[in-house]
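> Heads up: the sequence lines are chains A and B, in that order.
Be aware that the first sequence starts at 1, since it is given in our numbering, and climbs by one per residue.
Be aware that the second sequence starts at 1, since it is given in our numbering, and climbs by one per residue.
If you are wondering where the hints come from, they were derived from the structure by calculation, not from laboratory data.
You may find that some hints are simply not true.
[Stated by the list, open to error] Covered, in the sense of this in silico footprint (three residues per stretch, anywhere, with C-beta under 8 Å from a C-beta of chain B), are these stretches of chain A: (1) 5-18; (2) 266-279; (3) 308-316.
[Claimed, not checked] The calculated lysine-lysine pairs, modelled on BS3-like cross-linking and capped at a C-alpha distance of 25 Å, are: (4) A:K255 / A:K293; (5) A:K14 / B:K66; (6) B:K312 / A:K14; (7) B:K255 / A:K6; (8) A:K66 / B:K66; (9) B:K17 / B:K6; (10) A:K164 / A:K105; (11) B:K66 / A:K96; (12) A:K6 / B:K17; (13) A:K96 / B:K105; (14) A:K312 / B:K75; (15) B:K66 / B:K105; (16) A:K203 / B:K312; (17) A:K105 / A:K312; (18) B:K255 / B:K96; (19) A:K203 / B:K96; (20) A:K17 / B:K354; (21) B:K75 / A:K96; (22) B:K203 / A:K17; (23) A:K312 / B:K203; (24) B:K66 / B:K96; (25) B:K96 / A:K75; (26) A:K293 / A:K6; (27) A:K17 / B:K66.
Here a beta-carbon is modelled for each residue, glycine too, at the ideal position from N, C-alpha and C.
Number of protein chains: 2
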Amino acid sequence: MIPVTKPYFPPIEKYQKYLSDIYQRQWLTNSGPLHQELTQRLEDYLGVQNLLLVSNGTLALQVAFKALGLQADGKVLTTPFTFAATPGALAWEGLKPVFSDICPKSFNLAAGTLPENGNFSAILGVHVFGNPCETQAIQAYADARQAKVIYDAAHAFGVTQKGKSVLCAGDASTLSFHATKLFHTVEGGAIVFRQREDFERAKQMINFGLDSHGIPQTIGINAKLSEVHAAMGLAVLDDIQRITERRLAIVNQYKLNLQGCVGFQHWQEGASINGAYMPVVLESEADINRCVKNLQEEQVYPRRYFYPSLNKAPAFYQQSDCSNSESLANRILCLPLYTDLSTQEVDRICHILKSGLSS
Amino acid sequence: MIPVTKPYFPPIEKYQKYLSDIYQRQWLTNSGPLHQELTQRLEDYLGVQNLLLVSNGTLALQVAFKALGLQADGKVLTTPFTFAATPGALAWEGLKPVFSDICPKSFNLAAGTLPENGNFSAILGVHVFGNPCETQAIQAYADARQAKVIYDAAHAFGVTQKGKSVLCAGDASTLSFHATKLFHTVEGGAIVFRQREDFERAKQMINFGLDSHGIPQTIGINAKLSEVHAAMGLAVLDDIQRITERRLAIVNQYKLNLQGCVGFQHWQEGASINGAYMPVVLESEADINRCVKNLQEEQVYPRRYFYPSLNKAPAFYQQSDCSNSESLANRILCLPLYTDLSTQEVDRICHILKSGLSS
């Protein structure tokens with residue numbers, strides 16, 4: 001059975017050594033030494049500052065909205081071509097997601113065609129499948145409206161633009177460290193803030209709003225990453241270069257195999273590729289259905305990701321013109337991608353896929 | 001050094017065995033087999049149904065509010081004598097906490113003196129230190145106003161009233177399984193719903209609102225408990241009888257030692273005691289300060305828990321009459337309580353404490 005993704009498991013001896021240390025220190029959560037070490041190592045690896053670890057990638061978004069002071073009922077411009085967590089976090093926090101169509105090439109918000117009218121508290125872009133948005137154009141659009149800019153960078157671990165981390169764009173960027181991600185902490189996430197004061201506010205918010213004397217100074221919740229989860233992150237981070245290299249090799253193999261048969265995402269110029277996903281675009285939904293059926297018959301389970309375009313999903317239904325997103329959502333498939341997927345398996349997947357294409 | 005609490009650590013061999021199994025199954029999160037096993041075992045142990053595991057006790061409250069349909073801006077009557085998470089979760093979710101004073105004996109909402117006027121969406125009671133609220137009176141009060149009833153039962157793991165779990169009271173009760181709790185999963189929590197349909201709604205909400213086909217049907221977030229955290233819960237649950245017995249023995253030793261010198265919480269008639277906390281009430285704040293100083297000089301670290309009364313905290317300031325809560329908050333101390341606290345240490349703590357009392 002070949003699933004669309006598999007979590008990466010670092011050597012168990014290493015993880016169990018971390019756990020022995022946790023047992024010895026008797027420190028299980030609440031900003032322990034592993035939490036601190038992971039924060040430092042991620043800041044170094046990613047080339048960022050003001051990185052706050054949190055318990056998952058959706059909470060990262062929720063906390064970012066609150067820390068940046070977005071007020072309830074505020075409209076936030078976002079993309080319909082994303083995972084449910086993006087508009088879900090907005091709506092959960094009392095904000096109103098407004099979908100704007102995507103560019104059919106980059107699969108991201110089409111920076112050039114953002115709505116001329118409308119009063120937005122923020123723009124929430126998504127670097128979908130790790131491909132950076134046109135961050136300069138979005139920043140200019142937001143500046144003209146005094147809106148905040150937040151990026152859901154759940155897919156964009158390690159991506160750089162002209163040598164600089166994509167997480168440096170906007171007022172805040174959020175990461176997901178869910179088990180299925182390129183880098184993971186079992187469950188986890190992080191927020192990278194541009195401003196130190198936003199980071200400090202968020203840090204207090206994820207610990208019940210308490211000050212150093214335990215007095216509640218602001219409204220807060222619990223969004224802390226445990227030592228047990230941070231330990232997994234440290235063990236995975238040791239292998240991140242090998243993980244990334246292997247994933248990129250698989251992506252390249254897919255591309256060589258499928259070139260001319262399927263469509264690929266156009267990557268932002270000057271941006272690095274992290275090998276987070278392997279999306280392919282087919283001619284029609286009929287092709288998708290046929291290929292999925294053929295693959296599943298051979299125990300291969302790709303995913304229709306993202307489907308449907310969220311402006312059409314019951315939870316987020318909007319009568320907006322998102323025809324590019326709808327068309328893409330109907331014709332896109334993410335192929336299996338994980339470190340121990342073999343070259344033979346990739347060849348086999350490509351062979352089955354090609355046999356199901358109409359043209 | 002004697003802290004106020006210490007996490008319980010089950011045998012490391014047992015925890016590492018669970019982790020080997022997780023490695024073998026390659027299932028790290030998303031309602032895995034350990035998650036399911038823990039749900040079942042907790043329902044059996046606690047004698048409840050409709051128990052939903054979540055990633056922490058604060059998220060348990062947040063999800064319960066949303067699953068029960070509390071609308072933003074709704075007023076919720078609650079107690080000022082609690083941890084910041086109780087009103088914090090309300091305010092984070094856009095609800096308005098309204099504090100009502102406590103009974104100076106039970107330390108809980110004084111059911112007999114709840115405000116006659118005011119339109120409340122819900123009553124959020126807290127079984128503080130594990131002592132059950134007057135649940136029948138609160139239910140009658142809520143019914144007369146068509147308000148929901150929710151209990152923050154973070155402290156009340158395993159408590160029964162006349163043989164029935166205290167978690168059966170109200171529309172929903174929430175538990176915290178934070179590392180410092182009687183029962184823990186490193187970080188974690190649960191919601192127990194009265195109605196199956198509320199449970200089902202919440203279950204969808206904590207997985208991004210997705211239906212079984214992955215289509216977002218409702219607004220949701222990520223509040224899932226990982227397999228790595230569930231494993232800790234299973235290992236701790238094996239020892240829960242021994243943990244509870246040892247804690248109760250310590251509580252009894254404290255009470256024998258301190259009887260007549262300090263005040264104790266009056267426990268609800270017919271309710272079981274779980275040994276979650278060891279609060280003592282002194283004559284004055286001056287006594288508290290003197291005793292804390294004396295104890296700290298001997299490397300004993302009790303906690304002023306809960307201080308301040310939350311109607312006086314900057315995050316939640318209200319000009320309400322909560323004089324019982326304020327008076328109690330100024331004079332209460334939680335003494336060290338954890339399974340491997342020795343009888344000699346308890347005697348020593350009591351000796352130091354008594355030497356600091358004014359009368």
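> Work down the list of hints and note, for each, if the structure agrees.
Do the hints match the structure? See the list:
Here the segment 5-18 of chain A counts 6 residues with a CB under 8 Å from a CB of chain B, which clears the bar of 3, and the coverage holds. For the segment 266-279 of chain A, the proposed coverage by chain B is not satisfied: 0 residues have a C-beta within less than 8 Å of a C-beta in that chain, short of the threshold of three. Beta-carbon proximity to chain B at under 8 Å applies to 6 residues in the segment 308-316 of chain A; the threshold of 3 is reached and the given coverage holds. Taken as a hint, the K255 (chain A) and K293 (chain A) pair is honoured in the structure, with Cα atoms around 22 Å apart against an allowance of 25 Å.
Under the criterion of a C-alpha separation no larger than 25 Å, the hint pairing K14 (chain A) with K66 (chain B) is inconsistent with the structure, at around 40 Å. Under the criterion of a C-alpha separation no larger than 25 Å, the hint pairing K312 (chain B) with K14 (chain A) is inconsistent with the structure, at around 47 Å. Our distance criterion of 25 Å between C-alpha atoms is broken by K255 (chain B) and K6 (chain A), whose separation comes to about 54 Å. Pair hint K66 (chain A) plus K66 (chain B) holds up; C-alpha atoms about 18 Å apart against a cutoff of 25 Å.
Restraint check: the Cα-Cα separation between K17 (chain B) and K6 (chain B) comes to about 23 Å, which is no more than 25 Å; the hinted pair holds. Of the supplied pair hints, the one linking K164 (chain A) and K105 (chain A) holds, its CA atoms being roughly 23 Å apart against a limit of 25 Å. A distance of roughly 17 Å separates the Cα atoms of K66 (chain B) and K96 (chain A); the hinted pair therefore holds under the 25 Å criterion. Of the supplied pair hints, the one linking K6 (chain A) and K17 (chain B) holds, its CA atoms being roughly 21 Å apart against a limit of 25 Å.
For the proposed pair K96 (chain A) and K105 (chain B), the alpha carbon gap of about 46 Å is over 25 Å, so the pair is violated. Distance hint between K312 (chain A) and K75 (chain B) is unfulfilled; the C-alpha atoms sit about 34 Å from each other, more than 25 Å. Restraint check: the Cα-Cα separation between K66 (chain B) and K105 (chain B) comes to about 32 Å, which exceeds 25 Å; the hinted pair is violated. With a CA separation close to 22 Å, the supplied pair K203 (chain A) and K312 (chain B) stays within the 25 Å bound.
For a cut-off of 25 Å, the pair hint linking K105 (chain A) to K312 (chain A) stands: about 21 Å separates their Cα positions. For the hint linking K255 (chain B) to K96 (chain B), the alpha-carbon distance of about 38 Å lies beyond 25 Å, and the restraint is violated. For the hint linking K203 (chain A) to K96 (chain B), the alpha-carbon distance of about 23 Å falls within 25 Å, and the restraint holds. With a C-alpha separation of about 44 Å, the suggested pair K17 (chain A) and K354 (chain B) falls outside the 25 Å cut-off, and the hint is violated.
Between K75 (chain B) and K96 (chain A) the alpha-carbon distance is near 22 Å, which keeps this suggested pair within the 25 Å criterion. Between the alpha carbons of K203 (chain B) and K17 (chain A) the distance comes to roughly 34 Å, so the proposed pair goes past 25 Å and is violated. Restraint check for K312 (chain A) and K203 (chain B): satisfied, since their Cα atoms lie roughly 22 Å apart, inside the 25 Å limit. Only pairs whose Cα atoms come within 25 Å are accepted, and K66 (chain B) paired with K96 (chain B) is accepted, the gap being roughly 14 Å.
Between K96 (chain B) and K75 (chain A) the CA atoms are separated by roughly 22 Å; this keeps the pair inside 25 Å, and the hint holds. Note on K293 (chain A) and K6 (chain A): the hinted pairing holds, with a Cα-Cα distance of about 21 Å set against a maximum of 25 Å. Of the pairs offered as hints, the one joining K17 (chain A) and K66 (chain B) is violated, with about 40 Å between alpha carbons and a cut-off of 25 Å exceeded.
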